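Undergrad: Given next are the chains, with one letter for each unit.
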Amino acid sequence: MGMAGSFTHEYIQGPPPPPIEGGWGDDGGGNDGRGSSRRASFTGLWVLLAASTMLFAAFTSAMVVRRGLSDDWASTPKPPILFVNTAVLLLSSAALDMARRALKAGARERFNTWWTTGTVLGFLFLGGQTLAWLQLKDAGVFISTNPSSSFFYVLTAAHAFHLLGGVSALLYVDVQALRLRLGPAKRTAIDVSAIFWHFLDGLWLYLMVLFYVWG
Amino acid sequence: MSAPAHASAHHAPSGFWRKYIFSLDHKVIGIQYYFLGLFSVFLGMSLSLLMRFHMVNPEAKVSWFAKLWPTAAAGGLMSPELYLSLMTMHGTIMVFFVLTTVPQSGFGNYFLPIQIGAEDMAFPVLNMMSFWTTFLALVVMVAAFFVQGGAPLSGWTAYPPLSGAGRITGPGEGMGQTLWILSIAIFCGASLMGAINFIATTVDLRCKGMKLMRMPLTCWTWLVTAILGLLGFAVLLAAGVLLILDRVAGSSFFLPSGLFISDQIIANHKGGSPLLWQHLFWFFGHPEVYIAILPGMGVTSHLLATFARKPVFGYKAMVYAVLAIGFLGFLVWGHHMFMSGMNPYSAMAFSVLTMCIGVPSAIKTFNWIGTLWGGKIHFTTSMMFALGFVSLFVTGGLSGIFLGQPALDLYFHDTYFVVGHFHMIMGVAAIFGMFAGTFYWFPKMFGRMMNETLGKIHFYLTFLGVYGIFTPMHYVGLVGNPRRYSDFSNVEYLAGVIPVHQFMTYCAYFTAAAQIIFVINLFWSIRKGPKAPVNPWNATSLEWTVPSPPPFDNFAGVHPVVNHGPYEYSIPGAERDFIMQTDPPSAVPAEG
Chain A
59 MGMAGSFTHE
69 YIQGPPPPPI
79 EGGWGDDGGG
89 NDGRGSSRRA
99 SFTGLWVLLA
109 ASTMLFAAFT
119 SAMVVRRGLS
129 DDWASTPKPP
139 ILFVNTAVLL
149 LSSAALDMAR
159 RALKAGARER
169 FNTWWTTGTV
179 LGFLFLGGQT
189 LAWLQLKDAG
199 VFISTNPSSS
209 FFYVLTAAHA
219 FHLLGGVSAL
229 LYVDVQALRL
239 RLGPAKRTAI
249 DVSAIFWHFL
259 DGLWLYLMVL
269 FYVWG
Chain B
1014 MSAPAHASAH
1024 HAPSGFWRKY
1034 IFSLDHKVIG
1044 IQYYFLGLFS
1054 VFLGMSLSLL
1064 MRFHMVNPEA
1074 KVSWFAKLWP
1084 TAAAGGLMSP
1094 ELYLSLMTMH
1104 GTIMVFFVLT
1114 TVPQSGFGNY
1124 FLPIQIGAED
1134 MAFPVLNMMS
1144 FWTTFLALVV
1154 MVAAFFVQGG
1164 APLSGWTAYP
1174 PLSGAGRITG
1184 PGEGMGQTLW
1194 ILSIAIFCGA
1204 SLMGAINFIA
1214 TTVDLRCKGM
1224 KLMRMPLTCW
1234 TWLVTAILGL
1244 LGFAVLLAAG
1254 VLLILDRVAG
1264 SSFFLPSGLF
1274 ISDQIIANHK
1284 GGSPLLWQHL
1294 FWFFGHPEVY
1304 IAILPGMGVT
1314 SHLLATFARK
1324 PVFGYKAMVY
1334 AVLAIGFLGF
1344 LVWGHHMFMS
1354 GMNPYSAMAF
1364 SVLTMCIGVP
1374 SAIKTFNWIG
1384 TLWGGKIHFT
1394 TSMMFALGFV
1404 SLFVTGGLSG
1414 IFLGQPALDL
1424 YFHDTYFVVG
1434 HFHMIMGVAA
1444 IFGMFAGTFY
1454 WFPKMFGRMM
1464 NETLGKIHFY
1474 LTFLGVYGIF
1484 TPMHYVGLVG
1494 NPRRYSDFSN
1504 VEYLAGVIPV
1514 HQFMTYCAYF
1524 TAAAQIIFVI
1534 NLFWSIRKGP
1544 KAPVNPWNAT
1554 SLEWTVPSPP
1564 PFDNFAGVHP
1574 VVNHGPYEYS
1584 IPGAERDFIM
1594 QTDPPSAVPA
1604 EG
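Which chain is which? The protein sequence lines are A and B, in order. Residue 59 is where the first sequence starts when you use this note's numbering, and the numbers rise one by one after that. Residue 1014 is where the second sequence starts when you use this note's numbering, and the numbers rise one by one after that.
So here's chain B without its partners, still in its complex pose (with noise of 0.2 Å):
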């Protein structure tokens, strides 16, 4: 073919504003998701570093903590209450601009359309929309910093009454708190134009051929995570808008009455039930968990059968797991609240459905195995990552079938055995599936190669710096370490721990610094990187048959069509181990 056989009418536009700020291309959107995602990253983990430092040096005066907060850190000494806004402020900008943001809205964006065939997403303006809705919705939630009183205090699920009672709960739960939720419900608008996009582009413009079990597994994962977040964030919306009015409009929706805060009784609430938001919380808030990992999933799946050079062992009953994952996802909020004085009937069936988790969940690990097993291993940095995700995978879930259990969580609740678990299955293995995409499909978005030797150093330090971090908090948890404190330094019974928290400390230290070959290795490539050919990995999906970085919109005017499914590496008898998904259906050589 000389010529597209019909060529597009669609141009790029011109001008710098639509090109690249305002833009409709879903390549550019999904790249702003990116950077938005990791500057988000960056200041949550600054944030970390200084709780981290401040739990084993909790009489330290610190000269530039008393410019940077006068009161809350008043001659350099770091108050409890600073210390729970900056835990507030890492899990909310960890959770919702980073875990929620990068791997669904920006890998997701510029490569749903791409791996589908697609021109671009259903609806661009929508699309836009929902960038700068999101990014508006982190200026207000950063804004929080600066108001008077500070960041708020309560949490990432800011439970009320504290979240809901106002500036007399603490400095940061005055306007802090409420630009919290203002943040929070502006971020639910923009997940839920972004899910409207996602789903109908999947089911409405797949190309010719694309059948749903010819889809690559990461388009599966984000259709199920998109499907996720319209459900959850429909109910945030409706929970963060009671609980605004709570604080600015006197209602009572969540405050009970007889609240006695700061030595005054509080007589403008009553009747409000704080179990209510915990009820709408969760039923978001367990959701939210795979709307992080399963995308994180799909390109572990995606990534495994590509550098395995075999195809995915049980494409369809990763497909139908990961249907089951989002299904169950719905019906297990109440084992974030087993302690909430439930009743144990409730709690044993919400245990039971959260041990049927597992299942789906084991399912996904031994399909995993399966692909490697007998594979020709390429150990590129980016399948390196994907086996790092397979590890904090198992690791962390294992410790969820210990929370999941009434009896036990009985115990665990509300120790670090519970934040080393999130951290783990949430937190590192979400970010682990984020890198391994970043130096698998960077070629593809900036048309440079990143460098490996750098990103294998930058993995095997990350490797052993998250596990340094977070295992011993399972540990710590045992002994009953409980989260959320700022300082254990005059607690007889922890004093055996505090080793151990320095230990940990240093390991973030540790990642933290490590974090910085990445970013080294990230701008250094974008712009020196060596160029990337069409298809460097020998991969078989759609975006590998197009340019690096593909054309506006991406098939050039052609319409792809498609032939084989997407993981038919090493077949027998073919030309090479590869078979595209666009190849014509007789470069499957014919049985017999």
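One chain only, chain A, in its complex shape (with noise of 0.2 Å):
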């Protein structure tokens, strides 16, 4: 145990180590070790969006079943603001990366400019969300009213779940961004909350053909 006698408690402080590349078992590297490098953090990301894919599509096959098994499956008349709010996260979507390639233009002015933009459109998204629930209400719409309805509200509130998860992350990134304190190491959380936000953008346009189309 040659190497045993190297391990000590106590800790000689320095820089920290130079980052190595490689690492996933390959013999040309090792990792750097605590803390979520960015690769780490692209495969959280990965594995995440994995979970929620599950998740969505487990409503969503309950829904199928739930509405080929019963005659009591009744149309929800969709909101029309669902069209607007679908234009908003896609506008939000696409603010977030003229952000990005602003940032590798190296504009950050234009990246703060757009990625504020981006993060202000996410909240209008969960705005126009709730207006719409609001307007089912006074329609006399309510969870329980028909299975249609009942999945409406479900998909929807999972959805803007994740949202609230997206645009804090967004919220995040942009108040570091406004505060000048958007080192490299910041860049990974740009990227991992961008990406997980077109997730949430490509889900909706599904929910929003599976509302149209089955529900």
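Calculated directly from the structure, the hints in this document are not laboratory data. None of these values were measured; they are calculated from a predicted model. Hints should not be assumed to be uniformly reliable.
[Said to hold, decoys possible] Cβ-Cβ distance ranges computed for the label pairs, FRET-style:
1) B:GLY1481 / A:THR111: 44 to 54 Å
2) A:LEU127 / B:PHE1273: 36 to 46 Å
3) B:PRO1093 / A:TYR230: 27 to 37 Å
4) A:THR111 / B:LEU1336: 15 to 25 Å
5) B:PHE1052 / A:LEU192: 42 to 52 Å
6) A:GLN193 / B:LEU1336: 18 to 28 Å
Ideal Cβ placement from N, Cα and C applies to all residues, glycine included.
Join the two chains, each given in its own frame, into one complex according to the hints.
TA: Structure follows, in structure tokens:
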């Protein structure tokens, strides 16, 4: 055990170790240790998206089965504001991508403008969804009204719940950006939150199709 | 090396709260999970003892029952509803807070990062949140005992309409059932966080040289278990959300029309499908069985090689078998529903796929025996428990082949045959995996050795005890004894099996008493056990290269480099009978 002697509970302060390329168990390098490295953050993101996909796949299969099973399914009137909300969400995704392009070009100011726009649009979407629910409520459509409305509320709420996480991430990046604290380490947060947002965007388009075709 | 080449900038936190309670250190979190599981397993076991007591003393009036449950056990006599609530909570606590928690989140948290040469999990904050979310889920679950009506009655599978129609279906079906679903939903969230961490850590934080096919089999099983948890718990979460809405928001996902419960027509629900719940639940529920057992398989493979001083027989076959079990686990949920009126062709498909799982399972068993074959076996306590795991896995697996056939399941369904089967393979086998892991890794976790003599006494008593409890259940099931009933004393065709029930109850008392030895050994050894060396078992994986217990960042700032596979034991011509994964490449003598 030649190595055992080198382990000690006393840590020597010093600059953090230089980043080492490689890892993945290859012969070229190793990992740079504790904490979320950029690569692990992306893996975590893809894994999270897989879990969210499973969640919505389960809701969808429940919806298809429930719809086919009984004759009590009556289509829920969809508030037209949903189309406005869809446009807002798509625009917010586009804004985030403009922001990332600006950052790649080194234009910090432009990044801040676009990212803030994307974040604001994100909150606007959530507001729009709330309006849609209120309109349904005023029309007397509640969660227990019909299986169709039950699924409409469940799916939009589950999506909104994901979105709350998403806008929190966007807001975090935005605050960091506006306080000029956007070091290279924050690039991971930018990319991860933007990709997550695009996923929620795609998910929403899927839900719209689901509502209008089967809902 | 006198000082690490790159000194680490990471320090252990010094305050009590950050060090022991809201710790970000995967090792502390692993121990937190372990003790959460230890509390849960004794709680769950106590409930089972009450059930076994009642089954053979259905008329007994116990004064402290009346004190604990003034309505459910009025006059000290346990009501059938109370029995059902004990059964529900026993199953739920054991499945979620013991079998899911300890092998994966407990041992996995502690040893996955060390075994792959990482300083911590990929997301330490997420890791901490995952534990405290699990803790919250346990608090909410236990709270179900203390609300009006008591704990729920619908079993760990919570089938609607019983679980969905509310208070009218029974005393525990009010607030108790709502808390149950809430707790499970919280638990799903915690498990998803854990799964994300496990997968990202395994994929991205392996040290230099730690190729996938150099990972100890424990890491492979933790990875596959995390994938199962990720896909399974997401679906259970969806099902739980729908069920809770049926209860509190008046929707009808699972509740059909025309329900007639307790002399009342349930008019406010219509059109839902109880079978929809069963599909969603078992899509999670079957992989859950593998979530419970796979880490035990990993530990067993790891230990058999270590203590037979031989490489794992067919390492790659073991890896592919674990992957195959994980994959097939998602295709067989229907075999829990043969009796639900499913199309016989569907049942046949589910049955064939179920039989297919026998193939990777047999590969694993064959390779375990191959690993032992001709080895110099060291019968340590942890090795005995690993051998016990193999025994229980085979016993429990064989009865699964019976249950997997629709024609036979027609008869066996909801009898004690099923109870005997799943306790053997999912309950006791997994618990033996935990015992094996405890005795094996205790020196690393607590820096002291456990007592081997007490350990072996505990092993023999437990091994005899569990076979004494669960083997007769198969027989009782063959006779046709249904499960979930609290009293068989007036059932004529079961009069002959009452003495068998009495025997099983005595075995349960005996086995429970034997666990006191374990608890004494555990806590005595934590304080007074002899100091553990760095590598007490002459094992090869990375956790045995660092001090016991390991420093805060595991490798004290050094980046380990791996040059060998995990099971290089008794290599001809080598200096010692084991080659550590970090030994230089020259440790293996060149051929020729």
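Undergrad: Just pull the numbers of the violated hints for me, sorted ascending.
TA: Numbers 2, 3 and 6 - these are the hints that the structure violates, sorted from lowest upward.
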